[in-house]
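From just these sequences and the hints, can you work out the full model?
Keeping their order, the protein sequence lines are chains A and B.
Take the first sequence: its position 335, counted from the start at 1, is 335 in our numbering, and no numbers get skipped.
Take the second sequence: its position 44, counted from the start at 1, is 44 in our numbering, and no numbers get skipped.
Keep in mind that a hint or two might mislead.
Taking lysine-lysine pairs in the BS3-like style, the calculated list, with each CA pair at most 25 Å apart, reads [stated by the list, open to error]:
| id | chain 1 | residue 1 | chain 2 | residue 2 |
| --- | --- | --- | --- | --- |
| 1 | A | Lys433 | A | Lys641 |
| 2 | A | Lys624 | A | Lys673 |
| 3 | A | Lys708 | B | Lys77 |
| 4 | A | Lys292 | A | Lys265 |
| 5 | A | Lys673 | B | Lys51 |
| 6 | A | Lys653 | A | Lys637 |
If you want the footprint, here are the derived chain A segments under chain B, 3+ residues with CB under 8 Å [to be verified]:
| id | region |
| --- | --- |
| 7 | 674-686 |
| 8 | 692-702 |
| 9 | 716-729 |
No wet-lab data here; the hints were simulated from the structure.
From a predicted model like this one, the values you see are computed outputs, not experimental measurements.
For every residue, glycine included, the Cβ atom is placed at its ideal position computed from N, Cα and C.
Residue strings, one per chain:
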Amino acid sequence: MATTCTYTFVLCLSLAFFMCSTAASSTEADILLSFKDSIQDPKNSLSSWSNSSNAHHCNWTGITCSTSPSLTVTSLNLQNLNLSGEISSSICDLTNLALLNLADNFFNQPIPLHLSQCSSLESLNVSNNLIWGPIPDQISQFQSLRVLDFSKNHIEGRIPESIGSLVKLQVLNLGSNLLSGSVPSVFVNFTELVVLDLSQNLYLMSGVPSEIGKLGKLEQLLLQSSGFYGQIPDSFVGLQSLTILDLSQNNLSGMIPQTLGSSSKNLVSFDVSQNKLLGSFPNDICSAPGLKNLGLHTNFFNGSIPNSISECSNLERFQVQNNEFSGDLPGGLWSLSKIKLIRAENNRFSGAIPDSMSMAAQLEQVQIDNNSFTGKIPHGLGLVKSLYRFSASLNGLYGELPPNFCDSPVMSIINLSHNSLSGQIPEMKKCRKLVSLSLADNSLTGEIPPSLADLPVLTYLDLSDNNLTGSIPEGLQNLKLALFNVSFNLLSGEVPPALVSGLPASFLEGNPHLCGPGLPNSCFDDLPRHRNSAGLSSLACALISIAFGLGVLLVAAGFFVFHRSTKWKSEMGGWHSVFFYPLRVTEHDLVMGMDEKSSVGNGGAFGRVYIICLPSGELVAVKKLVNIGNQSPKALKAEVKTLAKIRHKNITKVLGFCHSEESIFLIYEYLQKGSLGDLISRPDFQLQWSDRLKIAIGVAQGLAYLHKHYVQHLLHRNIKSTNILLDADFEPKLTDFALDRIVGEASFQTTVASESANSCYNAPGTLLSSVVSILYLQRSDCSVTCLKLASQIHIVCVL
Amino acid sequence: MDVYSFGVVLLELIAGRQADRAEPADSVDIVKWVRRKINITNGAVQVLDSKISNSSQQEMLAALDIAIRCTSVLPEKRPSMLEVTRALQSLGPKTHVSDSYLSTPEENSVPV
Numbered sequence: 001m002a003t004t005c006t007y008t009f010v011l012c013l014s015l016a017f018f019m020c021s022t023a024a025s026s027t028e029a030d031i032l033l034s035f036k037d038s039i040q041d042p043k044n045s046l047s048s049w050s051n052s053s054n055a056h057h058c059n060w061t062g063i064t065c066s067t068s069p070s071l072t073v074t075s076l077n078l079q080n081l082n083l084s085g086e087i088s089s090s091i092c093d094l095t096n097l098a099l100l101n102l103a104d105n106f107f108n109q110p111i112p113l114h115l116s117q118c119s120s121l122e123s124l125n126v127s128n129n130l131i132w133g134p135i136p137d138q139i140s141q142f143q144s145l146r147v148l149d150f151s152k153n154h155i156e157g158r159i160p161e162s163i164g165s166l167v168k169l170q171v172l173n174l175g176s177n178l179l180s181g182s183v184p185s186v187f188v189n190f191t192e193l194v195v196l197d198l199s200q201n202l203y204l205m206s207g208v209p210s211e212i213g214k215l216g217k218l219e220q221l222l223l224q225s226s227g228f229y230g231q232i233p234d235s236f237v238g239l240q241s242l243t244i245l246d247l248s249q250n251n252l253s254g255m256i257p258q259t260l261g262s263s264s265k266n267l268v269s270f271d272v273s274q275n276k277l278l279g280s281f282p283n284d285i286c287s288a289p290g291l292k293n294l295g296l297h298t299n300f301f302n303g304s305i306p307n308s309i310s311e312c313s314n315l316e317r318f319q320v321q322n323n324e325f326s327g328d329l330p331g332g333l334w335s336l337s338k339i340k341l342i343r344a345e346n347n348r349f350s351g352a353i354p355d356s357m358s359m360a361a362q363l364e365q366v367q368i369d370n371n372s373f374t375g376k377i378p379h380g381l382g383l384v385k386s387l388y389r390f391s392a393s394l395n396g397l398y399g400e401l402p403p404n405f406c407d408s409p410v411m412s413i414i415n416l417s418h419n420s421l422s423g424q425i426p427e428m429k430k431c432r433k434l435v436s437l438s439l440a441d442n443s444l445t446g447e448i449p450p451s452l453a454d455l456p457v458l459t460y461l462d463l464s465d466n467n468l469t470g471s472i473p474e475g476l477q478n479l480k481l482a483l484f485n486v487s488f489n490l491l492s493g494e495v496p497p498a499l500v501s502g503l504p505a506s507f508l509e510g511n512p513h514l515c516g517p518g519l520p521n522s523c524f525d526d527l528p529r530h531r532n533s534a535g536l537s538s539l540a541c542a543l544i545s546i547a548f549g550l551g552v553l554l555v556a557a558g559f560f561v562f563h564r565s566t567k568w569k570s571e572m573g574g575w576h577s578v579f580f581y582p583l584r585v586t587e588h589d590l591v592m593g594m595d596e597k598s599s600v601g602n603g604g605a606f607g608r609v610y611i612i613c614l615p616s617g618e619l620v621a622v623k624k625l626v627n628i629g630n631q632s633p634k635a636l637k638a639e640v641k642t643l644a645k646i647r648h649k650n651i652t653k654v655l656g657f658c659h660s661e662e663s664i665f666l667i668y669e670y671l672q673k674g675s676l677g678d679l680i681s682r683p684d685f686q687l688q689w690s691d692r693l694k695i696a697i698g699v700a701q702g703l704a705y706l707h708k709h710y711v712q713h714l715l716h717r718n719i720k721s722t723n724i725l726l727d728a729d730f731e732p733k734l735t736d737f738a739l740d741r742i743v744g745e746a747s748f749q750t751t752v753a754s755e756s757a758n759s760c761y762n763a764p765g766t767l768l769s770s771v772v773s774i775l776y777l778q779r780s781d782c783s784v785t786c787l788k789l790a791s792q793i794h795i796v797c798v799l
Numbered sequence: 001m002d003v004y005s006f007g008v009v010l011l012e013l014i015a016g017r018q019a020d021r022a023e024p025a026d027s028v029d030i031v032k033w034v035r036r037k038i039n040i041t042n043g044a045v046q047v048l049d050s051k052i053s054n055s056s057q058q059e060m061l062a063a064l065d066i067a068i069r070c071t072s073v074l075p076e077k078r079p080s081m082l083e084v085t086r087a088l089q090s091l092g093p094k095t096h097v098s099d100s101y102l103s104t105p106e107e108n109s110v111p112v
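Shown next, in the form of structure tokens:
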């Protein structure tokens, strides 16, 4: 009896063992498949994960196996596959799993604590998902982790002290979440830590833990854009391995520990900008020879910049603007061979800009406005071929403009207004990319160079408050100018007609001898004399144009070669782009930035809107137009340019656009407050009457401007509360205006109709829209008479 | 057509509700809803957003009048946007009028 029993027991046991062992050896594939079962995979990214496929599971998407001692799964990399659903703990049955990367997906759940059962897990990355809720105390169970990346989620609450028991951590990234409260003093435990990122947690209210300074292996300390206050701990001089320190955009006060530079010799980036720091420039910062980025801007620093800055031979970005610095900007800074960006505006710097700046062969951008710089504009300025912005307004610069001052082939913004410059404006033929030229409030004399009219993208021209004489060059009316300000000079003669009637913002006053329509003087008295000189000038004109034509041919031949090579680059992937502001963003950046997460609202029938962060840190709103008609690229460009020229405080600025065969991206300025429609539809909508009246008046002004003042008498045609954006002071700005001009009338009609068959915003009756269509046809070739006729009908029929 | 749409937005601001979200009781658009209300005694006051109508009733009623003219069925009865702008500005406090009047770009442009 007993033997039988024992026998059966042994049999049972061995059977169970047998089943168990087969399970362990054969089912890594099954474990993966059961993990897949709980995941939603709309793009079928995991299609290779299947028993029916012939591939071994080690060859499935995202899986890496080790080969010794036996073939077994060690890493699972499922980044950016549009996955959602549940992160099942079944994955922990993979006993050798060391790395789990689920970043850039759509997992919407609390922190997956159950993954602490994965006993071998060393690296857990769930960055950029929709993870929410607090970090639980049980986070301490992830004992084996070396890399913990929870960044870019919606994790909230305090950082628990228990996180201090993860003593093996090398990377701790909790950036871009909603963490709050103060940071616990547990960092002394993290002796292995290399990267610590607590940045962009707006609700943190914490001092900077001084024991961070004991982390001798720390290379990256990223605490920017959070609520850190108090002093930068003196202990930070112990961070000997530090390469990147970013403490910008906090509430830090006090001084920078003075020996920080000499102790952290590996520093590449040092950024403490946008705090409340004071004291002097960190004198020994160049003891770190590899320093590329130095950001001290928008603080209360004072004193001068030491000459030792010339030892920062790798420095690329130097930003000290908005402080109280004084003294010279050392010559050594201006001639650093790798420097790209110098920003020193709004300080009390003095002295001259040295001619040696020509040695800064990589220099792209200089902004030194609102200081006390004196001396002449150096000849060296024109020798820097990479410079695209030079802004030195509100200084004491004097002397003549050097003839080469605009010779950089990429120069797009020059602002030398409010200085004491004299002499003539030189011919500017080389800066074909110049968008904005301001020389206002100087003592310039002579004529406006006619060659300005040859600069193809010149949009803003401000020459006001000088002593310029002669007439306004005829050719300027062919430019697509948005601002033309020549007020308060000594100009004379007839104003070219398109400069009076064609521009949203033309400033001509203060020139008593100018004449023409809309000005106090009419030109009729001068008519006979004008004819005489016309004969003479046409002869001169012919000679000049022959000479010029020959020159153009030569230049064009050279340009053709150059242009072909650049054009190929920018048209890669069939994209064309036109920017009305120096956005410095590529089509690639835009397309990459436009994903589900950056889109806001439903965007309406014309397409979605995406909020994109440019490399410069600025935010823009990009509208991706769908249902586009078949406008030719040329017509399209002209229409968007028309829209971009609209300048009114109640109309959203169009910054640029990109288009391919399939779609158009319109780039608008970004307004944080959202739309009036969003505001009204909120259940807790509360707004005083004075604010509401302000909104109504602003919208009315914007529309009146479009209807009457803007030269082509645009109609908005899609007014509704969701197309009225609000800025911080409830100043409204119209958006989505006149899209009919871009998508074409037919597409516009069908799109608006499909969105709202009987939208309550549309006036009853269909007669109107057909009248408008007729007007648009007439307006497409806009002779002056046609415009007048159209605008009369427009008032009677449409309004 | 912009004037009509503007009138609808103005009604939204006065009534404090979105145009395309009609009350369940009467599923008509905001223009018809307002027209029905103002035809009954004291109806116009009922249109105003009750959260703020106590303090600024007179101005709101004047704005309502403008909104109703903007949403006239016959296009020729609708005022121009310039007329609307002036009418709205005359409602606000005097300082506000001159401020916003000066800060529009067209007022600074070509001297006439």
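Straight-line Cα separation of A/Lys624 and A/Lys673 no greater than 25 Å? holds (20 Å)
Mind checking the alpha carbons of A/Lys708 and B/Lys77 for me, to see if they're no more than 25 Å apart? The given pair, whose Cα atoms are some 18 Å apart, holds under the 25 Å limit.
Distance restraint between A/Lys653 and A/Lys637, which requires alpha-carbon spacing of 25 Å or less: This hinted pair holds, its Cα atoms lying about 16 Å apart.
Take the C-alpha atoms of A/Lys433 and A/Lys641, compute the straight-line distance between them, and say whether it is at most 25 Å. holds (16 Å)
Holds or violated: A/Lys673 with B/Lys51, Cα cutoff 25 Å? Roughly 22 Å between the alpha carbons, so the hint for A/Lys673 and B/Lys51 holds.
Are the Cα atoms of A/Lys292 and A/Lys265 separated by 25 Å or less? Given pair A/Lys292, A/Lys265 holds - Cα atoms ~13 Å apart, limit 25 Å.
Residues of the region 674-686 of chain A with Cβ under 8 Å from chain B, three needed, outcome: holds (count 6)
Whether chain B covers the region 716-729 of chain A (at least 3 residues having a Cβ closer than 8 Å to its Cβ atoms): That given contact holds, which follows from 7 residues of the region 716-729 of chain A lying within Cβ reach (below 8 Å) of chain B.
Given coverage of the region 692-702 of chain A by chain B, tested with a Cβ cutoff of 8 Å and a minimum of 3 residues: holds (count 10)
The structure meets every hint from the earlier list without exception.
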